[in-house]
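**Student:** Go ahead and model the full structure; you've got the sequences and the hints to work with.
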Amino acid sequence: MTARPDTSRSGAAGRREVSARLPWMLVLPAVAGLAFLVLPLAGLLIRAPWPTLLRRLAEPQVLEALRLSLLCATSATAVCVLFGVPLAWLLARVEFPGRRVVRALVTVPLVLPPVVGGVALLLVLGRRGLIGQWLESAFGITLPFTTIGVIVAEAFVATPFLVISVEGALRAADRRFEEAAATLGASRWTVFRRVTLPLIMPGVVAGAVLCWARALGEFGATITFAGNFPGTTRTMPLAVYLALETEPEAAIVLSLVLLTVSVVILAGLRDRWVNSP
Amino acid sequence: MVFRRLSRWAVAVPVALVIAGLSGCGSEEPATSSASTAAAAGAKELNVFAAASLTGTFTELGRTFETAHPGTTVKFNFGSSATLAQQIVQGAPADVFAAASPATMKTVTDASPASAPTTFVRNKLEIAVPKDNPAKVDELKDLTDPTVKVALCAEQVPCGAAAVRALNAAGLKVTPVTLEQDVKATLTKVELGEVDAALVYTTDVIAAAGKVRGIDFPEADKAINDYPIATLSKAPAGDLAKQFVDLVLSQQGKDVLTTAGFEAP
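Listed in order, the protein sequences are those of chains Z and W.
With this note's numbering, the residue at position 176 of the first sequence is 176, and numbering never jumps.
With this note's numbering, the residue at position 119 of the second sequence is 119, and numbering never jumps.
To be clear, the hints were calculated from the coordinates, so they are not data collected in a lab.
There could be a bad hint or two in this list.
Short derived list, chain Z residues pointing at chain W, Cβ under 7 Å [as the list claims (entries may be wrong)]: (1) Gly126; (2) Gly227; (3) Glu245; (4) Ser255.
Listed next, the in silico SDA-like pairs over lysine to any residue satisfying Cα-Cα at most 25 Å (straight line) [claimed, not checked]: (5) W:Lys173 / Z:Gln61; (6) W:Lys75 / W:Thr64; (7) W:Lys242 / W:Lys136; (8) W:Lys211 / W:Pro134; (9) W:Lys136 / Z:Arg128; (10) W:Lys136 / Z:Gln61; (11) W:Lys211 / Z:Arg128.
Glycine is no exception: its CB is placed at the ideal position from the N, C-alpha and C atoms.
**Tutor:** Shown next as structure tokens:
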């Protein structure tokens with residue numbers, strides 16, 4: 001990140017020399033950038049209705065939205081791990097034609113506006129969608145407006161975070177361990193389970209946590225695909241949006257909860273995320 | 001060391017900025033918006049904040065206005081009335097506000113000086129169903145059937161408040177599958193066939209002509225939404241704002257609005 005201190009010099013002279021070379025042209029915009037990112041969050045803290053905070057947090061609708069958010073984000077993360085780890089393994093370990101295209105496709109939800117993701121999900125999994133139609137006629141399952149729908153929307157948006165993280169870990173993992181295991185007669189599955197997976201576990205955990213945080217904050221795809229109904233599909237971000245219509249103070253309180261959760265998660269993860277290969 | 005030196009600044013500068021920001025935020029909250037309005041500089045620009053259900057008609061009236069006042073640009077901000085009201089209260093630069101309910105208008109007039117609001121149109125609810133009406137809905141009572149998937153607007157926005165009034169008037173209890181954040185989103189769920197029915201405005205059904213079918217119901221008369229319009233006194237383009245409201249209230253404006261399905265007040 002920054003220039004390392006020059007260890008060959010010591011004391012004041014060295015310090016002066018280094019500080020003279022401090023590139024203010026970079027430091028000032030960097031600090032401005034930091035302020036730009038932090039000030040809105042500070043604004044949230046300043047405008048928070050502290051005296052009524054606890055009472056508002058204990059309101060049944062808030063607790064319901066929070067419970068639903070935690071449930072959905074956790075389930076979505078489980079789905080992401082279940083499908084994302086094998087997907088990452090495929091991308092990192094298997095040569096196949098079109099791998100670059102597949103990798104690009106996997107990361108599309110990262111840059112796709114979530115609303116667009118929601119629309120796409122509706123067109124495929126909605127009641128009249130390509131697959132949704134069939135799901136309804138054959139099994140009587142409809143995903144929109146259900147909690148499962150929220151989980152699907154969140155998993156769609158969050159999976160890339162897991163795949164990228166795990167693929168990075170797989171590429172960085174020393175393959176000689178896997179080769180050694182294979183020469184000792186372990187099957188590919190055993191190698192994956194007993195050698196590869198433990199090796200990349202930190203990457204999986206980091207990916208899963210990011211995935212969870214992303215799912216928790218998901219708004220656009222959820223409201224588009226799963227709708228908004230208290231207790232079934234109204235997660236915290238949706239509750240924030242609706243509260244803003246009539247009761248901005250409540251929206252601030254809900255936002256604070258989400259902000260706290262996000263900061264705690266990311267702070268706990270910072271080294272892993274920043275240094276992960 | 002460099003780190004220590006850097007970190008001292010890294011703390012001091014943001015702190016200073018935060019303090020500067022704080023001291024500013026208390027005193028000049030309402031003023032920040034007007035400063036950002038280019039219109040104040042004499043560029044003839046009129047900012048009209050209007051309910052999403054007015055999108056079609058107001059866009060047309062805006063064009064008429066621009067033709068009648070060469071050099072003037074009418075800029076629209078369409079959205080849920082409740083959202084717009086919050087934006088104006090928070091200092092968004094609006095010259096004219098046209099809301100889908102007196103309640104949302106009141107939010108604005110309570111918080112900032114404005115002309116007395118005039119009701120210019122009224123809007124009625126209808127049941128919107130997909131063209132093929134898969135659930136065979138033909139009256140309000142059919143929405144209570146638990147196998148019928150119903151979308152309503154959230155109660156926080158005017159179309160949702162109207163839906164609650166209509167259902168209460170009919171003495172019916174409907175459990176929707178979703179409470180959408182505005183009337184357009186509600187209608188979209190019908191257009192896509194994701195729900196079997198929704199309560200939306202007559203005007204929205206007309207605007208979506210061919211994609212959905214509208215069904216009238218008698219209780220809709222109990223839940224008519226009045227649309228008030230007002231100019232905001234701090235309007236940087238005060239005269240223009242008044243002239244725009246005059247256009248909306250004129251016969252020409254009425255014609256445009258009634259063609260779209262609005263009722264005269």
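**Student:** Each of the hints needs a verdict: does it hold here or not?
**Tutor:** To see whether the hints hold, each was checked on the structure:
no.: 1; hint: Gly126; result: 5 Å, holds
no.: 2; hint: Gly227; result: 3 Å, holds
no.: 3; hint: Glu245; result: 4 Å, holds
no.: 4; hint: Ser255; result: 14 Å, violated
no.: 5; hint: W:Lys173 / Z:Gln61; result: 20 Å, holds
no.: 6; hint: W:Lys75 / W:Thr64; result: 13 Å, holds
no.: 7; hint: W:Lys242 / W:Lys136; result: 47 Å, violated
no.: 8; hint: W:Lys211 / W:Pro134; result: 14 Å, holds
no.: 9; hint: W:Lys136 / Z:Arg128; result: 17 Å, holds
no.: 10; hint: W:Lys136 / Z:Gln61; result: 34 Å, violated
no.: 11; hint: W:Lys211 / Z:Arg128; result: 14 Å, holds
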